[in-house]
Every structure is written in structure tokens, then in C-alpha cells.
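*Asks:* My request is simple: use the sequences and hints to build the entire structure.
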Amino acid sequence: NAGLLDPNTIIIKDTSRRRFVKFPEAIKKGISDERGNTLDRANSKLYNIRTGLDSEILYTGKISLLDALDYGVYNPTSGLFTDPFSEGGLSRRRLDLNSALGCGLLGPDSAVVKDKSGDIKSLTAAIGSGILDPEKGRLREDGQELDLIKAKDKGYIIRAESRQAMEEKYKLCDDGLRQLLEWIGDLEVRLANQEPAKEHLDGIRNQINLLKLIKEELESQQRVIQSCLDDVRTVVSTGAEFLTRDEVSGLERNSKSLKNRVDKANTSTDKMLHRIISAAEELHKFRSETTIFTEWLEKTKRIVTEKERTMSLQRNDGSVSELLGDVISHQADLRFITMAGQKFTDESKEFLNAVNEYRSTLSSRPGPVDALQGNELRGLVSELNKQYKELLAKLTGISEKLSQLGSKEVEYTQALERLREWMRVAAPNANKIISEPLAADPHSLEEQLNRTKVTNTDFISQGRLVDNLRQALESLLRSVEGTASRTEINELTSPVNDLTNRYESLCTSLQQRVSILENALSQSQGVEDAIDSVVGWLSTAENNFKAISRPASLVKERLDEQVRELRLLLSDVSNRRGSLETVVSQAKSLVAQATNPRLAKRIDTKLKDILSRYEKLSERASKRSELLTEVTAGLDEFSGRATELERWLQESLESLETGASGENLNHEKELRTESYERTLRDGRTLLAKKDVTDTSQVRDRIKNIETQWRELSAILDERVRLAKLRAEQSLAYEKLREQVLSWLNGFENRVSRLEPIALNIDVIKKQMDELKPLVKEHREYAPTIDKLFDLGNSLAAFDRPESPTRRRTSVSPVKRLSITIGRRTSIEITSPSPTKSLYTSVTSPLSPGSSGFGSRRSSQDAFHLEDLTGVQQELADINNRYSALGVRLSDRNSELESVRVELKKWLDHLRSLDQFLDRIQRSLPAPSLPPNKETADKMNVVVKGLLEEMYEKHSALESTKIGVTELLKKKPQAPGSDVLQQQLNEVTSKWKSVNDACKNRIQLLEDLKDLYDTHDHLSAWLSSKERMLSALGPISPDPRMAGSQQEQVRVLREE
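Residues 1 to 1055, numbered by the working numbering, are exactly what the sequence shown covers, in order.
Calculated from the structure, these hints are not laboratory results. Please note that the accuracy of each hint is not assured.
Pairs of lysine-lysine residues, derived as DSSO-like cross-links and limited to a Cα-Cα distance of at most 30 Å, are as follows [stated by the list, open to error]:
1. Lys150 to Lys121
2. Lys152 to Lys121
3. Lys905 to Lys765
Small disclaimer: the values here were computed from a predicted structure and weren't measured.
*Replies:* Structure below.
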């Protein structure tokens, strides 16, 4: 009223009636008061002018497009906007969309438009792209035009403020997801770059700490990740209509990727951490036990070296046996170390498998991490086994040496005691006989002579005690040679020398005593009695000689017995020489002085016969002595050489069994060839002698030496041949290995350059065609890999010592080789797809036959890494790479086939749905209006039937949408994914369009039916009113009648 406020410049929302009113009318209706306060009737909230303008309850210009649609500014029939600020009811200004935006009636930034593809554009951009028709005031959708109110109801027009608010939330979520994805990507790189378990405690502790840090980092980010995922779910569920389809799908895809990657990283970290902690525990056990065992080993080595250095007779106590028992008991410690190493190796393999399994799941597809090629643990176990074996062998040798020394000492002591005991009894008796005076009469002299002869014979026969003592002393001295001191040697030799000297002195005295007694007896007897006595002795001696004249035995004990028997006879013959000379002298004197010629002739004849028989006996005994002496010397020399040769042959064969080098033995064999030939020659010379017997022992030793020599020669020749063969195979192996590695590198590059699997049937077919030659090449290269494995296994066989039994067979070691490393081969399986093949693994790189922890061997064998040679490690690496290529080709081929089948299925569904929608569209009645209600009813039944068919097909549409969406989520960047997405969008939009068209047609027909009904009712009503109006007649001059007619006209007007 004061003229300060122009009522035509401000309009107010009447939220209850959904229309704009001017300020004076708002005051009249109670919406506003004179102070400018405005009531929002929808929520009973009161606004002043400033807050009303901010809340868009009041407008002074640039009305929001959504408010213009909601509050009657827009006419859906004409597509024009009525200016609520202008005056006059029907004469108000009407503008099209362009004019409304241009004159400032509508705010161009008040709303945005969402097209059928899900993109959101501003009003000006939507007009520019043709989505909005500014002249008709319509929105174009699939060739149809919607008024803006229907477009708003369908979600095509969105309030800009809502879009902006949701866009800010989207950006926050997107930024958070992007940062978390970058973080998880960096964490994945760190997790995937885990190295194989270290063999040092510090190294493996660092690995554990690194994994724990990763685990803690994952746990610390869990709340942030969960909060971000909750925000994403909120934005997707509440803001899908305000965001573009790409924005929503991007959020869903990134959130799902983040959740999956975090879960996968959590699981893999737990698995790796568990494995490496177990490996660290086993490594700690291994290292601690190894340290303790090494300290004990070094201490025991020093003790054994001291024992070996100070080994002598005085120190032959039980300490060596106790030490040997201690060493044998520590074999359990070595077995425990081996088991700890085995468990560490197993856990390390499981850890490496977990790392490689995680690497294979990453999108970058890095190659597998190779196992450590280091041999520290393997070498340490091998070295401990070697040192333990050497220590045990050395201590066993010392124990055996001490045992032999003890037995030889016992033998020496027993021989010494036996000789002492016999000398204690025999020496006084011999001294008594020697010191006894000669008897005066012949009878007593003969008794003295007989007693002396018996004693002399006893001394000579007991010479074997002296021989045995000397042999025992020589054997004992050889055993302690280099270890016993000079004093100890003198202590051993002194009693032997004393007893031997006493024995020889007594033997000499007894022989002299026999000669003296025989001379005395001869002198005291008559000539004829003496001659008869000599003849009797000769007969006895000849008979005794015949009894001992057997062939010389080649058995040492029997030969010694023959020598002693001959020595007795020679002693008797030698002792008789003096008495025989006396008898001969007396007989010659008697013959010269005899008066009886016949007596003299008889005595002379006897005398000549005695001398002849004595000389023959002496000569035969000497020849027999020379024979026995020669055989004894030959047998001793042969036995000594044979024993030394047999010892060397046995040691050489045993060293070859333990894997010793054949070069040194070959050289030493050449040096011992002369000794070998001389030994055989000496043995055959002994066997060739005529007067020898018991030849089987010598013949067996010769045969055994020849067999061992031939066996050694055969093994050494085989070693030389195998060394030459190994060099040839090594050259062939290296050449072929370089060729295989070159092929693997090139093939891996070709496989890595294969493009991702497409989502287009034609492209998939092309990719399958591209895969065929790779599959074929991989399969056809298998014989080359097999050849390399054959060469490698043959080469590895040379580095492994074989058992002596197998080595001595005639089978070639290459043919005898057991395959210790298998190969995964490729097996093509027929399938509907021409390129579908399946690669199956046949064996693992280590067969169960190879040495290893799982082979249940004794602790002396260490664990399987000890037996894994460098060649086998190379083969295992090549096998892994070749098998990995086969798996990658198989996986790609299977994935191509599965994607092809799945894609074909969904494309068929989309095509079927598209054809169904085309049929529905063709079946829809013509868009012309029905002329009457009956036609509208018929058309309504038809359209409802079509809509019912669409309801029945709706489940197929939903399953297709889900299947295609899942396929696109799995391969978002695959070639052809955009085309597939577009096809899905087109079918979905077409379905929505057809569905809306059916619903709109049904609604239109229902409205037409109502229109026809209303028309009929209105026509009937108008007819009745026309009849009533005609019945009024002319205006009556009667005031009362005129009043009545006026009342009737007023009633008609109100109706």
C-alpha cells in the first residue's frame, strides 16, 4: 500500500494447491502476512523474505524448471510456459523453452537432463544435442516425444541442486576409492615381490617383519575401507537417478574390485605369514642344532686325532669304545637336523607356492618367482654328513686298529708265557743233563745218550714256540709302527731276545753233549757192536726220512710242521757224524791190524755200506731241506705280496663304491701292474713245482686276485668311457638347452603379447585362430623337451654314485638310469571347439624315486636337495616354464571357449528379446484415436494382452541383464565390451520404451473411454437443459412470474 513493493515482481509457492500466487493473493489466502513472512503449508514452516528466496519458496525471477513443471507454469499440451509474473488470466504471456530461458523466466542451471544412455547434460547442452525440443517443449526418446512432466516423472529431468549434491558425494567416494586402489596396488606389488624364504635367520626375520608390517597396514586400513564401501553403497542406492550410468557402474566396479583385492591380500598375507613363520621356526631349530652338532663334531675330531696320535699299548683302554658309542648315538642328532632341514624346505616351498599363487591372481600376471638356487643349507647338511661319516670311519678304524692291536698283544703275551713256562721246566732239565759227568761203563753212557737225545729232540720240536713268539712280536711291532716309542719297542723285544738266546744256547749245548756222549759210547763199545749200533740207527733214520718225505705243503702251518720234522732229522744226522767218524777210525785200525782176513773183510764191507748209506741220507736230507726252504721262501714272498695286493684292491673297490675319482686309481693301478704280474708269477711258480701239495689255497688266492683286478679294470675302463660319454652328452645338452631357453623366451614373449579376450564373437574367433598355432607349436615342441630331459637325466646320472651291485652289471648306466625328473606334457582333448586343448601335468619335477625328505631314507642320506644336481635344477626350471606356458595356453583356450559360449548365449538372448519387442511394436494398434467406446475397449484388450506377454518375458530380460553385466564386470576393458554394453542398453531402453508405450496407450484408451462416457453424459445433460431452456417461454409481465423465471435462469446458470 505504501508503494515500496511491486506485487508483480514476486511470486509465492502455494504448496497445498501446487501453484504460484502473487503477493496480494498470498496475503488474502493467509500464505503470507504484511511483514513478508511466508508459510510453507506442506511442512508448516515459516520463512521470511530472505530465507524464502534461499529456499525457493519466493521467486523474483528465474524459476526452477522442476518448480515450473510442478506448479502449473508448463502446459504439457502446448509445450509452452506461462509467465506467472505477468498480469491477466488468459492473457498472460506464454513462451517456449528457448524464450523462457532467454528472458530469464527459467534458470538454465536449475535442472539437468539425463538421456537414455545414462549421460547427464545441462539444459543448454541437451537442447544443443537435440534431446530437448525447445519449440515444442518436448523431450525426444527413441523417436518419440515426451512432454516435460512425463520426462520428469521418468527421471529424465533432475533438479540441479540434487545432482550437484550427489555429484559431490560421488567425487568424494571416487577420490577415496582411487586413493585406496592406488594404495592396494602398491601393497599388492610389495606382497607379490616377496622373495623365497631366506636360509639365514636375519634374512627370514626381515621377511617376517615385512609381512607383519603389510598385515598391520591392512588391518589399519580396514575401517577406512569399510567406511568408503558404506559410502559407495549409500551413493549407489540413493543417488542412482542423479548420477550417470558410467559413474554408478564405475563406483560399483571399483568398490567390488577394492573389496576383492583387499580380501585376497588379507588371505594371502595370512597364508604367507603362517608359512614363513613355520619355516623360520624350522630354520631356527636347524641352525641351533647344527651349531651344537658342529661344536660337538669339532671337539670329537680333536679327541680322535689325539687318540690316533697317542695310540699305543699302554693306552689301549675302553675310552675309544665309549667315544665310538657316543659318536653312534649322535647319529640321531644328525637325523633331527636332516628332518628340520626337510621341514624348512617343505615350508619354504609352501610359502613360495603361496607367493606364486597370489602373483597369478594379479591383473598384471607377473611370472612365477623361482626357487633359490643357493646350496647353503644343502651344502651344510652334505658337509655335516660327510664330516660325520669321516669321523665315524676314522674312529671305527682306530677302534679296529686297537682291537687288532689288543688281539696281537694277547697273542704275543700268550706266546711269551707259553715259551717261558716251557723254558721254566725244560731249562733246568737240559742244564742238568749238560752238566752231568760222563759214565764209566757203556751201559750208563748209552742211558745218558738216550736221555740227552730225548731232551734235544724235545728242544728242537718246541722250536715252534720260539717261531710263534717271533711271529707274534713281528706282527705286534708292525701294528705299533710309528706310534710306539723306542722304550716300548725295547720292552717288547727284550724278553723275546733273552728267551731266544737261552733257547739257542741250550740247543747248541745239547747237540754238543750228544756228540760227546756218542763218541764216548763208541770208544767204550767194541768195533762190531758200534758198527751194529750205527747200522740200526741208519735204518731208523732212513725209515724216519721216508715217513717225512711227503710233498711240500703250500699251507703255511703244515709247511712249518714239515720243516720242524726235517730239522729234527738233520740235527740227529749231524750229531751222529762225530760218533760215525770214531767208529770208522776204529774199524780201519782193526782191519789194518786184523789177523783174521774174513773178519777184516766183513768189517770193511759193513764200514763201506755204513758210509754210503750215511752220505746218501745226508744228501737226501739236504736236498729236502733246500726244497722246503725254497718253498717256504716262495710262499712267504707270495703271501706278503698277495696280502698287500688284496688289501689295495679291496680298498680301491670300496673307494669306487663311495664315488671316488677314477683318475688317481687308474694311475696307481698302472704303478701296481708289475707287482700284480709278479705276484701271479710267484703263485703260478709255486703251483708248478712237482713236490708240492695243498695247492687249493694258493690257487684260490690267485683266482680271487685276478677276479678283483679284472673287476677293477672293468670299472676304471667304464669310468673312462663314461667320462668321455659324459663330455659328449654335456656338449649336446648345453647346446640343446640354449636352444630350448631361446625358444622359451621367445614363446613367453609371444604369449605375453596376446591381447585380452574380447567380447565380440568375430574377435574371439580370430583370437582362437591365433591361439591354434601357439598350441600346436607348444605341443610339437614336447619331443625337444623330452630329448633335453633324456640328455639331462643321463648327464645327471654320471654325477650320482651307484650301488656296487648295479655297477658290476653289464647294463649301460644310461639305460639303467631311473628318471628322477619328470616333465609335464600336453595332451590334446577333442571338444566342440576346434582349438580346445587341455594341458595336464604328468609328473612333478621331482619324482618320488629321487632322494628327498619324502623318501624315508636314513639320516645318512641327508635330504633331497642334497641329491638335486645343477643339471636337475636347470631341468626343473625348464619344466616349470614349459608347464606354465601349457597352463597359460590351456587357461586362455578354456577361457576363450567359455567366453564364446557365454557371449553367444547372451547375444542370442538379446537378439531374441529385440525380435520380441519388434513383434510387440508391430502388434500395437495404430496410433489413431478410436471412433467410439467399443473400439477403444477392443484396442485396450489387445494392448493389455501384449503387456501381459512382456510381463512373462521380463524374467528373461532380467537374467540377460544380470549375465551381461557380470560378463562386463569380469572384463570391463575387453575389446567389444562397449558394443555389448550398447546392445544391452538398446534392448533395455527399447523394452522400457515399448513398456511405457503400452502403458501410455492403455491409459489413453482408458481416458478416451472416460471421455466418451463424459461426452455422452454431457450431451444428455445439455439436451435436457436445452429442453428446460425452451420450456421457459417468453418473459412474463407478471412480476411474480418474472421473478420465478429469473430464479429458474439463475439455477440453470449455476448448473
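*Asks:* Does each hint fit the structure? Answer for all of them.
*Replies:* Hint check results:
A distance of roughly 18 Å separates the Cα atoms of Lys150 and Lys121; the hinted pair therefore holds under the 30 Å criterion. Between Lys152 and Lys121 the CA atoms are separated by roughly 14 Å; this keeps the pair inside 30 Å, and the hint holds. Of the pairs offered as hints, the one joining Lys905 and Lys765 holds, with about 15 Å between alpha carbons and a cut-off of 30 Å not exceeded.
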